[in-house]
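Residue numbers (our numbering), protein chains in the order written: chain A, 1 to 664; chain B, 1 to 511.
Hints are computed from structural coordinates only; laboratory data are not their basis. Given the structure is predicted, the values throughout are model-derived calculations rather than measurements. For glycine and all other residues, C-beta sits at the position ideal for the given N, C-alpha and C. Check before you lean on any hint, since a few could be wrong.
Said to hold, decoys possible - Some chain B residues flagged as far from chain A (calculated, every beta-carbon gap over 12 Å):
#, residue
1, Ala-7
2, Leu-148
3, Pro-231
4, Leu-416
To be verified - With a straight-line cut-off of 25 Å between C-alpha atoms, the simulated DMTMM-like cross-links for lysine to aspartate or glutamate are:
#, chain 1, residue 1, chain 2, residue 2
5, B, Lys-372, B, Glu-446
6, B, Lys-434, A, Asp-613
7, A, Lys-317, A, Glu-368
8, B, Lys-449, A, Glu-31
9, A, Lys-392, A, Asp-314
10, B, Lys-439, A, Glu-368
11, B, Lys-372, B, Glu-276
12, A, Lys-456, A, Asp-569
13, B, Lys-434, B, Glu-446
14, B, Lys-372, B, Glu-440
15, B, Lys-372, A, Glu-31
16, A, Lys-317, A, Glu-204
17, B, Lys-154, B, Glu-191
18, B, Lys-434, A, Glu-368
19, A, Lys-317, A, Asp-618
For reference, the chains in residue letters:
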Amino acid sequence: MEAIYQYAWLIPVLPLVGALVVGCGLVSFPEATNRLRQLNAVLIISLLGVSTALSFALLASQVQGHLPYRQMLEWATAGDFHLQMGFEVDPLAALMLVVVTTVALLVMIYTDGYMAEDPGYVRFYAYLSLFSSSMLGLVLSPNMVQVYVFWELVGMCSYLLIGFWYDRPAAAEACQKAFVVNRVGDFGLLLGILGLYWSTGSFEFDLTGARLADLVHAGDLSGLIAAGLAVLVFLGPVAKSAQFPLHVWLPDAMEGPTPISALIHAATMVAAGVFLIARMFPLFSSIPLAMEVIAWTGAFTAFLGATIAITQNDIKKGLAYSTMSQLGYMVMAMGAGAYSAGLFHLVTHAYFKAMLFLGSGAVIHGMEAVVGHNPASQDMRLMGGLRRYMPKTAFTFLIGVLAISGIPPLAGFWSKDEILGATYGASPWLWLVGWGTAGITAFYMFRMYFTTFEGKFRGDDTRLQAQVNQELGIHSHGDHHGHSHGHPHEAPWTMTLPLLILAVPSTLLGLVGTPFANYFEELIHTPGLESAAAEFEWSEFLTMAGSSVGIVLLGITLAVSMYLSRRLDPAAIAAKVPFLYRLSLRKWYFDELYDSLFVRNSRRLARQVLNLDARVVDGLVNLTGLVTLLTGQGLKYLENGRAQFYALIVFGMVLGFVVLSAVT
Amino acid sequence: MDFASLAAQLNAGAILPEVLVTVTLLGVLTIDLVGGRSTSRWTPYLGIAGLLGALGALYYQWGQANPTAFLGEFNADPLSIVFRGLVVIAAAVTIAMSIRYVEQTGTSLGEFIPILLTATLGGMFLSGADELVSLYVALETLSIASYLLTGYMKGDPRSNEAALKYLLIGAASSAVFLYGASLLYGLSGGETRLAAIGAALSTLTPQTASGAVIALVFVAAGIAFKISAVPFHQWTPDVYEGSPTPITAFLSVGSKAAGFALATRVLVVVFPSVLEQWHFLFAALAVLSMVLGNVVALTQTSMKRLLAYSSIGQAGFVILGLVAGTAEGYASMVFYLIVYLFMNLGAFTAVVLFSLRTGTDQISEYAGLYQKDPLLTLGLSLCLLSLGGIPPMAGFFGKLYLFWAGWQAGLYGLVLLGLVTSVVSIYYYVRVVKMMVVKEPQEMSEAVKNYPPVTWSLPGLRALQVGLVVMVLVTSLGGILSNPLFRLANSSITQTPLFQAVPPSIANSRL
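The shape of chain B in the complex, shown without the other chains (with noise of 0.2 Å):
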């Protein structure tokens, strides 16, 4: 059996996107250790053009016939194109933020974007894992990337601690997860693939079923972990505040999309037979992360940790349409984590750019930016607004679909809860904004008054100004012409084969 029928028959064409990162990331670590550090005035570049070649070849993945790879190991349907992009861009958005910051911060580009990569191509594998190895697997090339990347000030303490928690939570995480995929192991009788399993689950008896109850509970922790869903969030403040901003970034959103895949794949597909118990598990996470996520957020003083917890209030937001367990509920997921990525992204990208500058991320400091920076503030002002939910910003309209979305199937009070944390996320968000806009010259903040002359012509900062510009430009227009964004997003739930016993709209949990 020769090479191309092998590729031919396990469908290796799926994974082309992988690959394609794969041969980015060797190509910067060779290009790196052959020339030398003078290479990393380009390498990044290297880096993004890879990410955005992969990108294209999703994009042509689009609507293929027979989506399963490697005899079920993989699964290419359009909810794993859709993550896998989510994850992709979030990477090259960061590459781009963090050329200038790596830079400044004297430490080498060089081993940055290999691990970077290496973490987007775990993401991208765990977006579409559809067997538990491989998806264990690439939770743990996420998971150790990550640790990785969070360390990687090594002379800041602060990174240092941050990774070492990080690392200690996570392994501890990893192993309630790794106990619950052993008992669906075993519950299902040897099974390993995620269909198999739910198979298997649904034939159990009353008696065993508290079994796959356990193996729920347990998973779902390891789940709740990766997207820091209350209470399995404590880490997420300190290793957000430690870690390079751009990572953080990138733990904020591409980690956190990889983390809902994982969770709707897994949920839908092995756990329909416990249906309730799940709505009944997650419906509490997402009480907890946008109650506490948003409360806490209002007594932050650093911008860092502020959007730390927003972005935990927000994963509690994103809950509510897995909940809702409707097809709409899950559009309207992937249609938030979209525009969850644009914003949420802005906001880092100019929150790296007022750091660069003044070397601060203390809210009070940025006072009075307006009169120095306007394109920042702008840029900052608009993607906050957008993460508020302000008409006419994408964030509105992402919410309004999830409240809508939730309406319908039932859950008349997670939604109204939301409402009101979202009421009072615009309450910190917009203090942010007030603080740049509406201070007068005098009272401006000492970091303001020596603010540098603003110039994009250091390297890495190009880069950087393109990236804030277009996901601001997405975030404020989204909103008015959302209609692609919205019809990606059914599509992908619409179009992918394991949604097809989801009812479009009826109720089925009520809270």
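Chain A with its partners taken away, still in its complex shape (with noise of 0.2 Å):
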């Protein structure tokens, strides 16, 4: 067994070879390696099958309950300053490695349809094994130093390929926004890694919690310093999970291709962030107010989220926003203290929410042999009726929904429910903000089922066309290139097998977590503490989780009467509320906010600065230009190229040396 640990350090490996590979041809013959679409596509996608063979074996080995592995090299040294780098598995590390590899698998399979006809297709792939690399080198990580590194990497992959169609300027936008807002929480990821260094000296999970809590017990440390410490360090998951007030990048990256959205902007990526938490654990368990913040702002998160989800009318966005919202319940439950629970949401969300994304995927391939490839084959107001054209993927999506409302015995029912029981017993205001959340996210997901796939099919309808088109400011040229009369039609199989293959787990994956039976919690628990298997009681359970299928029947059956029978009329209802209304269609005004308060401001200090620049630092730079001129001048004639003259400056300058130091 000891055999497969040694060479764990493929997994990631494997697919920076093949994005080297690729991308190093690419950069060298372009057009050879651009013509060997598929074969491309092969090999990165065999060198990955065999990192989630070894994933797998890896998460069955540590199961059966394997000690966890490390390996360490040493990295640079500088006096008593080490710097080591290596691998760990351990259950964590094993589990998301095999999340990680299995939903990566399954999109690169998926990407093969649905980029076939790009011109980029071969270099999306290499990013594609670029991500899979920088992610799994994450997950591996054994220190604080090296996530950080892995932690820039995928925020690297994260921007080029949302940007990857980099000449639409929405996606060029798209992709700044994401790196910007990401710097911000990641330097103050760095700052909190430094900070735990200085007052710590180390650079492990472990040991810098461990002697956090000593200092702050033995008051060499103040708390509050230890809790700032914390929350900056908290500030790096803010971003990458689009916590608020950092998750206004996430709906904007869905500019990039879906099978993007679907791995690093709903499975893997924005998960590192409630993966780090739980790797620091140990850290912000020490410090109370630390995980109040972390609690709340998860909370709060998942509210905004949801909210704002009822109303979007492009389907990418409307997933994206409950992403942010599943994410904040995963945060919610970290900083509620519930380890297992959090993560184990975090394993059913990134398959469900990587089925629901693929999907809409395909849908949006589907719509586009209607409308044109542009934003109106997002629209949700031009789609409906859709299950009769494509009904895999209507079966699929239906599946997703399902799951991610929490019905049982769906895998989302079965994470949803243990967080909130667990929040319940931290604090019951936190269960009420989940608990109404559930809610929303029911409604929020059947609507855009409903929507979607059920009713008349509006595609055709030009008149709607035509105000979409306007609203999303497409100026549509003359006849969509004669697609306009064509129908909908199913994706291929390359498409819809990920499709079925991601419905297994999203179904049945709930029942290995179970409160009756909860074999997750017995591989992954809090550290330190051995499984606490608490003694499960039949009706604290039902109570919980009838109160919670109730409120989500609720919401079901509001959508159904709203955008199935039509019996209760949205546009009656929003124009009876439109303050509330507008507030969630216009995102609670977070970007016009964001804009006039640092967007504005820094670009009236840069202009400010550069002021300063142009009249200071150039007069400066003039100066010392002048300055350098005139010496120039001048040592030009010391600079004569006569050697005898050489010859006598450097006797003269050994006589001022001699005469010098006499004087000292």
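Got two chains here, each in a separate frame; can you build the complex from them with the hints?
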């Protein structure tokens, strides 16, 4: 069994090799490489396949109770400062490896169908492989420095992939926004890591937590500073996992191709924030204030995301806000101390959200046949009745919707219920927010399902199309290349197969973490604590589960009556509460607020600095230039090329130094 | 007494690397005499092989129990091994880049390589010489071979002029140095071994101590000439510009490394009694070199002259480590010299390649090179950025270590000046990079427009390519994976007996 641990480093290295081979090919022989389209894809997918197999082997070994394995090598030494790099396989890492590799593998297979027509097909695979490699490296990182390195790498890959269609202005802007917002969080994370090193002298996850607690206990460090450091570290997850107030980049990131939205912005990278909180759990759990901050940030984000998702018309934006809201659940669980519940939700969410996104991609792919290759293909107002045209997609999407809403016995029910149960123990107020959000979630997810797949197809309604186009600012060129009167079609098998495969864990995965037989918690439990199998009580479980299923059913009923049977008119309700409606539609005005608060002010500051630069700094530079020129002219006479003069200087200088040394 | 026991008594094994170089030298010379011109296809590779063999021999010498050889004439301690290694690598890379260069200029390789190996030999002996006579002989071997190499392009008047200037100024400096050496001989009462002179100088009375200071200044002038520190630098730009480019590379790296070996050994062993004076003197040299080298480099239009002035500025940075006077200071100096070797030789290899393909070395002619020759552009850019100290290149870590060691030793003024001048240096390095990379196709220079198709099949180009790639790889990875180099630099100081008296990092001189 040891052998697979020694070769665990291959898991991130193999996709890196794939990315390098294809990347070098693209740089050196662009035409030839691009012509070998699917050969590249096969290479990259098979390399990742090997990583997947290794990951499963590792998880199997960890489930059987193998001890965590760690292998380090010295990376830099200076005096008594040692920096080590390496990898560590423990149950959490093994689990994350399996989640990342499986989702990445399925997304890569799906990509073949989705990007079949795209000229950047090969480049896309290279980026995907690079991302997988970085994400796997992040998961295996044994200390904070290495986490930070890979943290930045996944951020960079995310930037590259959001801006994949860099000729679309919206995509170019979105990738910059994602980058800048993440920079804020990453800077906090870096400060936090350095601060922790300063106070505890270690980059290890468990050591920093323990030492910091000791320092605070002994009174060597003020509790407020410790909490401040913890919150700084938490800023990293806030940005990466799109938590309030740094959540604004995630919805815009949907400008990237849909496979990316599924892989990076739903299943893996955004969950890295939650993963990091889990890794640093010993640190956070020793500081109650930090835990409070984390829990309430998560709860508010969950609520915020859900309320915005209600009114979104863009199918991917809707899913993005739902992702944000679900990530909020996980963070809230972490903050409430429900370590295992938060990670369980991370895993189930990764599968069903990836499936939902891939399903939305299939829908968009189908709609492009009708409205053309533009943002209108993502607008739910033009969809409807798609179940008849694409039954497989509709079926898997429905499973995803049921799972995320929390209908038993699908995966989402168990994990969400565990979170709600745990938060009730921590604070009833938190539970109330989570519980209410669950109802909203069910409502907006079913709204999405009904408007997309049920009712009558609205894509051929030219009047509606014109209205949507005008709203989205699309200038239709004549007759949409003759697409206008086509029908949406089912996606090719490379796209439906991953959907069907993902439907399996979305349905069944929850059963490993049921409260009466919690295998998941046996594997993944709070560090330092033995699996605290709380005695299970049917009465308590039934009250909690009953209340959450109750509010979910309420949400679904509302959605049915508004969007399926049309007994209630959504427009009329919106008109009754115009303020709330607009608040949700305009995303709580966060973009406008940040624009006026940060963007404009930093522009103004930049202009002032420019002025300062032009007047003062340039003046100084010009002065230096003048002085340099003058000295240069002067020195020219010393550099006249005559050897006897040079010799004179040598002797003169020797004498000068002798005199100078004698004087001093 | 038979030969074997004599050799054992003299500890002759200590000069095995030098013997290997000598054998190679004679071998190349004989083969060329016997086999004629056609042998020059492979004799350079024989030269490189011999140098690599010497490098291997140096590796096995590390950590020897008894480093003193020839009754104290020569010292094979880790410090000398590191510096001899630097000289050997510089020579090997120089041969790799000169094969095609010499061929194309129509002169013969048969003499070029033996002369270069002679210079190498001089540099190696200089790095280990522990006694005044052997030290001076080694210095002159290096110098005379360098004069010959500088004037090697007989048809080129600039080369002739450079050789003559170098010879005259070199002779003058050498005379000054010799005068200083004779003073040392007299002051110490007839000692020639450096350690004995150092011991004798420390017993001088305050009245006679001024003699020691005069000897210091004279010796320092000779050293400053070799490391081309301002104000003993005037020969540098003219000689660097006139010499064949590979020789310029060797002078700026190999010869300079040998100069620093000489400086370290002489200053630490002979002049501890006038510590404050030599720290002051070299601090002055460092200030002048950093300022003048970097400021004048700003206005250069020829790549070779730019690199010449930049090497003056770089020497200023290295002196900073010397002046720090702590174990960390010396270690940072060694570390920076190692890094400097790779980045400067990489840059020179790229310049040689460019001039081979276009026949010019004007900076403006590099415009738009990126579109025609990406490998050359990448290599030159990385090396220049490293010279400028941009992270994560090796040069950044080298400068970081130097400045850190200087700061620890209390040289606040010098370190701040170093920071400012290295910012200035970034400007002129990046200007070249920008010239190559940013320009649009229509802004391409004439030379680049007529750029020949990139091919490596001409004889000698393959060696140049390998050299370039190795240098660039070390320059770009040597920073992130700097630990082996770092350990090498540190242990070369901590394992050398003569630094045992040096404090590890206590401030002993404030400026």
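Hint-by-hint comparison with the structure:
no. : hint                  : in the structure
1   : Ala-7                 : holds (40 Å)
2   : Leu-148               : holds (17 Å)
3   : Pro-231               : violated (5 Å)
4   : Leu-416               : holds (16 Å)
5   : Lys-372/B / Glu-446/B : holds (12 Å)
6   : Lys-434/B / Asp-613/A : holds (22 Å)
7   : Lys-317/A / Glu-368/A : holds (17 Å)
8   : Lys-449/B / Glu-31/A  : holds (24 Å)
9   : Lys-392/A / Asp-314/A : holds (21 Å)
10  : Lys-439/B / Glu-368/A : violated (40 Å)
11  : Lys-372/B / Glu-276/B : violated (54 Å)
12  : Lys-456/A / Asp-569/A : holds (16 Å)
13  : Lys-434/B / Glu-446/B : holds (17 Å)
14  : Lys-372/B / Glu-440/B : holds (12 Å)
15  : Lys-372/B / Glu-31/A  : holds (18 Å)
16  : Lys-317/A / Glu-204/A : violated (38 Å)
17  : Lys-154/B / Glu-191/B : violated (43 Å)
18  : Lys-434/B / Glu-368/A : violated (44 Å)
19  : Lys-317/A / Asp-618/A : violated (46 Å)
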